[in-house]
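Asks: Numbering (my numbering), first residue to last: 389 to 492.
No lab work stands behind these hints: they were computed from the structure.
Don't take each hint at face value.
In silico BS3-like cross-links for lysine-lysine, where the CA-CA straight-line distance does not exceed 27 Å [claimed, not checked]:
1. K434 <-> K391
2. K403 <-> K391
3. K391 <-> K480
4. K434 <-> K480
5. K403 <-> K434
Quick list of simulated restraints, FRET-style, between CB atoms [stated by the list, open to error]:
6. A484 <-> L419: 19 to 29 Å
7. I461 <-> K403: 44 to 54 Å
8. Q483 <-> E405: 40 to 50 Å
9. W471 <-> D410: 28 to 38 Å
Please read all numbers here as calculations on a predicted model, not as lab measurements.
No residue lacks a Cβ here, since even glycine has one placed at the ideal position from N, Cα and C.
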Amino acid sequence: MVKAYRAMLLFLEDKNEGLGADLIIGYGHSLGGGVQAEALLSHTLKSDIQYLFIKSRTFATLSGLVSDIMHPILGFLVNFSGWNMDCYTSSKQLQAPEIILQTS
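Produce the entire structure from the sequences given, and follow the hints as far as they go.
Replies: What follows is the structure, given as structure tokens:
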């Protein structure tokens, strides 16, 4: 899913073989917020494109969510397996505006 999100961003940004967008608004809900976060951790945003990213009702880390909902051992396994998604770190490093929608 992360590779697909990165490919979509590249297609939207590409002025020759893609859409050549001037504005990109990305929306990630729940697990989609984690996918967006992981994709953005390794993607370089273009200076000539405006970006806005929205995360809706997602998690800080997938391993933390699994630990809280299921069992700490399972959260450890998510992290150990390399399947962890870290929305918190991604948001701290993001060089574009971001809206986070969260309920309590």
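Asks: When you check the alpha-carbon spacing of K403 and K391, does it fall within 27 Å?
Replies: Status holds; Cα separation ~20 Å.
Asks: For a C-alpha distance cap of 27 Å, please report whether K403 and K434 respect it.
Replies: Given pair K403, K434 holds - Cα atoms ~12 Å apart, limit 27 Å.
Asks: With respect to the beta-carbon atoms only, verify the hint that W471 and D410 lie 28 to 38 Å apart.
Replies: Holds: the Cβ-Cβ distance is about 35 Å, inside 28 to 38 Å.
Asks: Quick check: does the Cβ-Cβ distance between Q483 and E405 fall within 40 to 50 Å?
Replies: Since Q483 and E405 have Cβ atoms about 25 Å apart, the given range 40 to 50 Å is violated.
Asks: Look at the Cβ atoms of I461 and K403 and judge whether their distance stays inside 44 to 54 Å.
Replies: Between I461 and K403, where Cβ atoms are some 48 Å apart, the hint holds.
Asks: Verify the proposed pairing of K434 with K391, using a straight-line Cα cut of 27 Å.
Replies: holds (18 Å)
Asks: Tell me if the straight-line CA distance from K391 to K480 falls inside 27 Å.
Replies: The hint holds at about 21 Å.
Asks: Starting from the range 19 to 29 Å, see whether the pair A484 and L419 falls in it by beta-carbon distance.
Replies: holds (21 Å)
Asks: Would you check the hint for K434 and K480, treating anything up to 27 Å between C-alpha atoms as holding?
Replies: OK: K434 and K480 at ~18 Å, within 27 Å.
Consistency note: the structure conflicts with earlier hint 8 alone.
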